[in-house]
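J.: Sequence:
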Amino acid sequence: MPDKPTPMTPGAQAALIGEPFNGALAAQRATLDALLLRSGWDLPTRLPNGKPVLEKGYCSLSHGGGWVIAGQSSLPIGIDVEAPGLRLQNVRRRFVGPADQPVLDAFGDNIDTLCMLWTAKEAAFKVFGTGLDFLTGLEWREIRGHSARARATAQGVSLDVTWNRLSDPKAWLAVALQSE
2 MPDKPTPMTP GAQAALIGEP FNGALAAQRA TLDALLLRSG WDLPTRLPNG
52 KPVLEKGYCS LSHGGGWVIA GQSSLPIGID VEAPGLRLQN VRRRFVGPAD
102 QPVLDAFGDN IDTLCMLWTA KEAAFKVFGT GLDFLTGLEW REIRGHSARA
152 RATAQGVSLD VTWNRLSDPK AWLAVALQSE
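The numbers in the sequence shown follow this note's numbering, run straight up by one, and end at 181.
To be clear, the hints were calculated from the coordinates, so they are not data collected in a lab.
C-beta atoms are modelled at their ideal positions from N, C-alpha and C, and glycine is treated no differently.
Errors might be hidden in some of the hints.
As the list claims (entries may be wrong) - With beta-carbon atoms standing in for the labels, derived distance ranges:
| hint | residue 1 | residue 2 | range |
| --- | --- | --- | --- |
| 1 | 39 | 93 | 30 to 40 Å |
| 2 | 103 | 39 | 36 to 46 Å |
| 3 | 39 | 142 | 36 to 46 Å |
| 4 | 25 | 100 | 31 to 41 Å |
| 5 | 171 | 92 | 13 to 23 Å |
| 6 | 75 | 166 | 23 to 33 Å |
Between the sequences and the hints, there should be enough to build the whole structure, so can you do that?
T.: Below is the structure:
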């Protein structure tokens with residue numbers, strides 16, 4: 002485990018930290034708390050639905066794909082990290098719908114793109130804490146490189162989504178920020 006967390010900053014609107022870690026769920030959560038403390042970040046409290054909250058600003062936490070990641074912003078934020086795998090192909094019909102075709106067209110219909118869609122939808126869900134339909138909940142508007150603008154249909158809110166491909170171990174990180 003590195004002495005210092007890896008800074009992962011998608012832009013000026015959010016700060017991200019993370020490091021590789023694999024282990025039991027309880028150990029991942031403990032490592033995430035240690036990462037926050039080592040970085041000088043406040044530990045969030047949790048709402049009854051599990052969503053982390055800060056006294057000032059917004060935060061999101063994720064652990065998966067061999068990583069623990071934390072993000073904070075002055076805007077509502079959601080992050081998710083996941084490793085590509087056949088499990089996503091097996092549940093594809095539960096989260097990939099016709100509205101996702103622009104993403105499939107941009108990146109190809111493959112396991113990495115499925116992982117990008119999954120992490121984006123998980124991150125968007127975390128922005129709101131509830132109420133995002135994984136099949137129909139996002140309308141993809143603009144796709145540029147590894148970023149996109151999407152509209153959360155039920156909430157009527159635009160989100161900026163950024164994907165980062167992590168390595169060692171290989172995973173996809175999605176950051177969703179509510180647009181200003």
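J.: Run every hint past the structure and note whether it holds.
T.: Verification of the supplied hints:
1. Against the hinted window of 30 to 40 Å, the Cβ-Cβ separation of residue 39 and residue 93 comes to about 38 Å, which satisfies the hint.
2. In this structure, residue 103 and residue 39 meet the distance hint of 36 to 46 Å, their C-beta atoms being roughly 39 Å apart.
3. Range check, residue 39 to residue 142: Cβ separation about 38 Å, and the 36 to 46 Å hint holds.
4. Here the CB-CB span from residue 25 to residue 100 is close to 36 Å, well matched to the stated 31 to 41 Å.
5. For the hinted restraint 13 to 23 Å between residue 171 and residue 92, the CB-CB distance of approximately 20 Å keeps it satisfied.
6. Here the CB-CB span from residue 75 to residue 166 is close to 26 Å, well matched to the stated 23 to 33 Å.
The structure fails none of the hints (numbered hints given earlier).
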